[in-house]
Amino acid sequence: MSTAFVSWRERFERLRANKLFETAVIAIIVVSALLIGAKTYEETTRFQQWLLVMDVAVTVFFLVEILIRMAAEKRLRDFFRKGWNIFDFLIVTASLIPLDDSEMVLLARLLRIFRVLRLVSMIPELRMLMAALVKSIPRMGYVALLMFIIFYIYAALGSFLFAEVDDFLWGNISIAMLTLFRIATFEDWTDVMYATQEVYAWSWIYYLTFIFLTAFIFLNMMIGIVLDVMQKESVQMEIESGEGEAAELHGLRSDVRELRDQLSRMEALLERRS
0 MSTAFVSWRE
10 RFERLRANKL
20 FETAVIAIIV
30 VSALLIGAKT
40 YEETTRFQQW
50 LLVMDVAVTV
60 FFLVEILIRM
70 AAEKRLRDFF
80 RKGWNIFDFL
90 IVTASLIPLD
100 DSEMVLLARL
110 LRIFRVLRLV
120 SMIPELRMLM
130 AALVKSIPRM
140 GYVALLMFII
150 FYIYAALGSF
160 LFAEVDDFLW
170 GNISIAMLTL
180 FRIATFEDWT
190 DVMYATQEVY
200 AWSWIYYLTF
210 IFLTAFIFLN
220 MMIGIVLDVM
230 QKESVQMEIE
240 SGEGEAAELH
250 GLRSDVRELR
260 DQLSRMEALL
270 ERRS
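Using numbering that gives the first Met the number 0, the letters of the sequence shown correspond one by one to residues 0 to 273.
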């Protein structure tokens, strides 16, 4: 590898790590989002040519930015080992579809909307939140399954008991589940309860127990799962960055392991000499 190539790679690496460069990229992503929003207003049709020029400029900037990040890697395949880099690469590549092609203009506009998601890959805190959300989905799936069982039981009871009161809301089990979803989101649920209370005065028990299970217990379980995963992701981010209490504790544990290994080797040497 030539010295000139290494020198350029180091320059690109310093540029990639530069905070001003990262801030500029974030600012351009925001500008890109504003351009997409501006195109939805009819008043901006007279500035269509300017908006097109700015869109091309933003696309070129993103292309140059992704090439700089790729050039800053020692090996090109190291760039594609990170999932967020692959995501950015796909978004930037998709943005190269021209807007002036009538057959591809809709696809090009849809793909440009996803450039806003690059904010997630650029801001570490957003990456942590996204990673926590993705990792918490499998655990939340079991809670969602339990919620579905509760919904199904209550929907069956509601369709048996209240179908004569309001066939539109309780006519069958699928409609009853939609009604229960409305109740769980507190969307005029008291109107539904008052209608059934006129026939069954005790029906308030049905609604309060359902709301207690779904809105209070299951919702808090979901929140607890997300918070637990977020805490673990925060600790992992501190360890990777080498900052914070988690990084210090991890460093202390590593030092203790090294001391333990050294003591073990010293004890082995003493046993051999004796």
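Errors might be hidden in some of the hints.
Here are the computed lysine-lysine pairs in the DSSO-like style, where the Cα-Cα straight-line distance is at most 27 Å [to be verified]:
#	residue 1	residue 2
1	LYS73	LYS134
2	LYS231	LYS81
3	LYS231	LYS134
4	LYS81	LYS38
5	LYS38	LYS134
Across the chosen pairs, the derived CB separations fall in these ranges [to be verified]:
#	residue 1	residue 2	range
6	LEU62	ARG264	49 to 57 Å
7	GLY140	GLN47	21 to 29 Å
8	GLY82	ARG264	33 to 41 Å
9	VAL255	PHE79	16 to 24 Å
10	PHE185	ILE152	17 to 25 Å
11	THR189	ASP77	52 to 60 Å
12	ILE172	GLY82	39 to 47 Å
These are calculated hints, taken from the structure and not from any lab test.
What you are looking at is a predicted structure, and each value in this text was computed from that prediction instead of being measured.
Every residue gets a Cβ at the ideal spot worked out from N, C-alpha and C, and that includes glycine.
The hints, checked one at a time:
1. LYS73 <-> LYS134: violated (30 Å)
2. LYS231 <-> LYS81: holds (20 Å)
3. LYS231 <-> LYS134: holds (10 Å)
4. LYS81 <-> LYS38: Since the Cα atoms of LYS81 and LYS38 sit roughly 33 Å apart, the hinted pair is violated (cutoff 27 Å).
5. LYS38 <-> LYS134: At roughly 36 Å apart (the allowed maximum being 27 Å), LYS134 and LYS38 break the hint.
6. LEU62 <-> ARG264: 49 to 57 Å: This hint holds: roughly 54 Å between Cβ atoms.
7. GLY140 <-> GLN47: 21 to 29 Å: Because 46 Å falls outside the window, the suggested range is violated.
8. GLY82 <-> ARG264: 33 to 41 Å: The hinted range 33 to 41 Å holds for GLY82 and ARG264, with Cβ atoms some 40 Å apart.
9. VAL255 <-> PHE79: 16 to 24 Å: Violated, since VAL255 and PHE79 (Cβ atoms, about 36 Å apart) do not stay within the stated range.
10. PHE185 <-> ILE152: 17 to 25 Å: holds (20 Å)
11. THR189 <-> ASP77: 52 to 60 Å: Between THR189 and ASP77, where Cβ atoms are some 59 Å apart, the hint holds.
12. ILE172 <-> GLY82: 39 to 47 Å: The hinted range 39 to 47 Å holds for ILE172 and GLY82, with Cβ atoms some 41 Å apart.
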